[in-house]
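Engineer: One-letter residues, chain by chain:
Protein chains: 2
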Amino acid sequence: MRVILCGFGVVGQSLVKLLESRADNLYSAFGLKPRIVGVVDSGGGVADTAGLDSSALVSAKKRGSVSAYAGGRPGMAGAELVEDTEADVLIETTSSNYKDAEPGMSHITAAMRRKMHVVSVNKGPLALAFPSLMELAKYNSVSLRFSGTVGGGTPILDYAKNSLRGERIESFRGILNGTTNYILTNMAGGMSFDAALGDARSRGYVEADESLDLDGLDAAAKLVILANWIMGMKVTMPDIKCTGIRDISESDIKRAASKKSAIKLVAVCDDDLYVAPQDVRVDDPLCVNGTLNGVSVVSEHSGTQTIIGRGAGGTETASSIIRDLIDIRRDMMRQ
Amino acid sequence: MRVILCGFGVVGQSLVKLLESRADNLYSAFGLKPRIVGVVDSGGGVADTAGLDSSALVSAKKRGSVSAYAGGRPGMAGAELVEDTEADVLIETTSSNYKDAEPGMSHITAAMRRKMHVVSVNKGPLALAFPSLMELAKYNSVSLRFSGTVGGGTPILDYAKNSLRGERIESFRGILNGTTNYILTNMAGGMSFDAALGDARSRGYVEADESLDLDGLDAAAKLVILANWIMGMKVTMPDIKCTGIRDISESDIKRAASKKSAIKLVAVCDDDLYVAPQDVRVDDPLCVNGTLNGVSVVSEHSGTQTIIGRGAGGTETASSIIRDLIDIRRDMMRQ
Numbered sequence: 066m067r068v069i070l071c072g073f074g075v076v077g078q079s080l081v082k083l084l085e086s087r088a089d090n091l092y093s094a095f096g097l098k099p100r101i102v103g104v105v106d107s108g109g110g111v112a113d114t115a116g117l118d119s120s121a122l123v124s125a126k127k128r129g130s131v132s133a134y135a136g137g138r139p140g141m142a143g144a145e146l147v148e149d150t151e152a153d154v155l156i157e158t159t160s161s162n163y164k165d166a167e168p169g170m171s172h173i174t175a176a177m178r179r180k181m182h183v184v185s186v187n188k189g190p191l192a193l194a195f196p197s198l199m200e201l202a203k204y205n206s207v208s209l210r211f212s213g214t215v216g217g218g219t220p221i222l223d224y225a226k227n228s229l230r231g232e233r234i235e236s237f238r239g240i241l242n243g244t245t246n247y248i249l250t251n252m253a254g255g256m257s258f259d260a261a262l263g264d265a266r267s268r269g270y271v272e273a274d275e276s277l278d279l280d281g282l283d284a285a286a287k288l289v290i291l292a293n294w295i296m297g298m299k300v301t302m303p304d305i306k307c308t309g310i311r312d313i314s315e316s317d318i319k320r321a322a323s324k325k326s327a328i329k330l331v332a333v334c335d336d337d338l339y340v341a342p343q344d345v346r347v348d349d350p351l352c353v354n355g356t357l358n359g360v361s362v363v364s365e366h367s368g369t370q371t372i373i374g375r376g377a378g379g380t381e382t383a384s385s386i387i388r389d390l391i392d393i394r395r396d397m398m399r400q
Numbered sequence: 066m067r068v069i070l071c072g073f074g075v076v077g078q079s080l081v082k083l084l085e086s087r088a089d090n091l092y093s094a095f096g097l098k099p100r101i102v103g104v105v106d107s108g109g110g111v112a113d114t115a116g117l118d119s120s121a122l123v124s125a126k127k128r129g130s131v132s133a134y135a136g137g138r139p140g141m142a143g144a145e146l147v148e149d150t151e152a153d154v155l156i157e158t159t160s161s162n163y164k165d166a167e168p169g170m171s172h173i174t175a176a177m178r179r180k181m182h183v184v185s186v187n188k189g190p191l192a193l194a195f196p197s198l199m200e201l202a203k204y205n206s207v208s209l210r211f212s213g214t215v216g217g218g219t220p221i222l223d224y225a226k227n228s229l230r231g232e233r234i235e236s237f238r239g240i241l242n243g244t245t246n247y248i249l250t251n252m253a254g255g256m257s258f259d260a261a262l263g264d265a266r267s268r269g270y271v272e273a274d275e276s277l278d279l280d281g282l283d284a285a286a287k288l289v290i291l292a293n294w295i296m297g298m299k300v301t302m303p304d305i306k307c308t309g310i311r312d313i314s315e316s317d318i319k320r321a322a323s324k325k326s327a328i329k330l331v332a333v334c335d336d337d338l339y340v341a342p343q344d345v346r347v348d349d350p351l352c353v354n355g356t357l358n359g360v361s362v363v364s365e366h367s368g369t370q371t372i373i374g375r376g377a378g379g380t381e382t383a384s385s386i387i388r389d390l391i392d393i394r395r396d397m398m399r400q
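Protein chains in written order, with this note's numbering: chain A, 66 to 400; chain B, 66 to 400.
In short, the hints are calculated from the structure, not lab data. Don't take each hint at face value.
Treat identical chains as interchangeable: a pair holds within one or across any two.
Straight-line distance between alpha carbons at most 30 Å, and here's what the computed BS3-like set of lysine-lysine pairs gives [unchecked claim]:
id: 1; residue 1: Lys299; residue 2: Lys319
id: 2; residue 1: Lys324; residue 2: Lys127
id: 3; residue 1: Lys164; residue 2: Lys98
id: 4; residue 1: Lys226; residue 2: Lys203
id: 5; residue 1: Lys164; residue 2: Lys203
id: 6; residue 1: Lys203; residue 2: Lys324
id: 7; residue 1: Lys98; residue 2: Lys226
id: 8; residue 1: Lys324; residue 2: Lys98
id: 9; residue 1: Lys180; residue 2: Lys319
id: 10; residue 1: Lys98; residue 2: Lys82
id: 11; residue 1: Lys306; residue 2: Lys319
id: 12; residue 1: Lys127; residue 2: Lys98
Just so you know, these numbers come straight off a predicted model, no measurement behind them.
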């Protein structure tokens, strides 16, 4: 399986390391033997049909860009790599952007037109164009997978779709952004908003564009993906009513605590689709703390079920990409 | 798909109702059209290759036994029904018994020898003989499924096995018995053990044989099933060290609370396999209250993940049987 990698940040680097350390097991248990034939980052790219070496890629990146790899091409763009490289799968890990979803959107659409399967951990293209991307994938007879976009290593998407087969899911709500949950948890512990935000920043939890976390855009993007995938809705970001956590005051936090509740940034899909701060009872399984994420699904016959896990992390997300590759290989074998 | 039903209590009755109310959807979405050709309970049985009517079965049961159905045979045993009826699937719902697992064990082994697939929500046979039952299923080329044995409607078994494919699960621990969790939750709220037990009894939460709940046998049986299924261990009930909740005192509860923890009956699979009361921190996602069940799975690369849901209930368990039937039908089509 020939793989192209767009983006080579924490997730991309974790992925190549994980693929290397788990190579024997992935091949023996799943017949999966990915060969990385091209990688691009913001500084340029490198391609080799014979396969690129993981350690050399990581050490090139340490020198600034994968284009420092022997034979690399500084300034090479992702679109160029996708157009010029023969591959079976594109793994898209560039940063999420909810304005125009670029450059991920162009990478993904170009790859699908070239009959590549796509694994995206970039939420931007899915948030802005989930329905049309799924159509494009279908039209080109390729898979579009995105397990890493929601819940990081926690297979929330997979769980809701597969473990509950035969069941109608009536609604769901989730705590989908670890950063705001961390801030709100600290505020419940007595910190001011500014102190809690400062602490989250100092730990590297906050996105460079803080609005993505604080104004609920990241949670809204995940809500779009879940609503499309689990509920079969055809919605995009503009369909989500979104309120962030900037206006939560210490007195709001205290009022919630006095009612044995905690304020959480909750993404809701019922008759309505929205992200907003809400009181969640502390004995509700969804009331998770710190950077944890959780989703509660209400099913028609199996009651309410909650799945909780770490929402992010390079290795966790890399692990979700490997799950997607296993599924893509299985799909390829069936054709 | 011709189905035999052994046992016709809450789960069996919920199942036939659910199959009827969901008939159109199950057929259109999954090609599943189960025909109930035989049912037996402790009072006798009834069989008809043309199919039995759900409402008439339920109303016969209201008169004491399904053998009151037109053409029913009082005194008919399950073994007889299994031997004399042509069917594709046995659904075993008689009560769990951890001494000799009868009559479920005989029903299941006879059915498999007759090349029937088996869905068991009866934990006894699996707890006492999981490894050999799986071998017998393999030898006879039939499926043995048991989604309803752990977590009721919550697809814990399925989740751990499928949603984490490609991942090594290192350990897990779970709160697997809703009754003891209900009692311990009430004790944490200030009730004495006796008062909490009385309350659980009055709500019908406690098994007729109270030892199954209070001494941890039910939790141990579920631990056996999880350890075999998720971890590939070949273990049975005697391998589980089991301590129940009878000796938990109010001062134990207070000591735990003073450490921001709660005492829970926890089933653990790490280097060791045991069921015992343990302190669980209240901010641990596994620290669920009331009758809820939960399992936390530690995976090699995706971190710790927790799944929480209602542990029991007729409709929930019936719903899990339908999931198993969907899978069996899919397996049958592939052959």
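Engineer: Each of the hints needs a verdict: does it hold here or not?
Structural biologist: Okay, the hints, checked on the actual structure:
no.	hint	verdict
1	Lys299 x Lys319	neither (38 Å within a copy, 51 Å between copies)
2	Lys324 x Lys127	neither (50 Å within a copy, 45 Å between copies)
3	Lys164 x Lys98	neither (36 Å within a copy, 48 Å between copies)
4	Lys226 x Lys203	both (18 Å within a copy, 28 Å between copies)
5	Lys164 x Lys203	within (25 Å within a copy, 54 Å between copies)
6	Lys203 x Lys324	neither (49 Å within a copy, 55 Å between copies)
7	Lys98 x Lys226	both (26 Å within a copy, 22 Å between copies)
8	Lys324 x Lys98	neither (54 Å within a copy, 49 Å between copies)
9	Lys180 x Lys319	neither (54 Å within a copy, 63 Å between copies)
10	Lys98 x Lys82	within (14 Å within a copy, 48 Å between copies)
11	Lys306 x Lys319	within (26 Å within a copy, 44 Å between copies)
12	Lys127 x Lys98	within (26 Å within a copy, 59 Å between copies)
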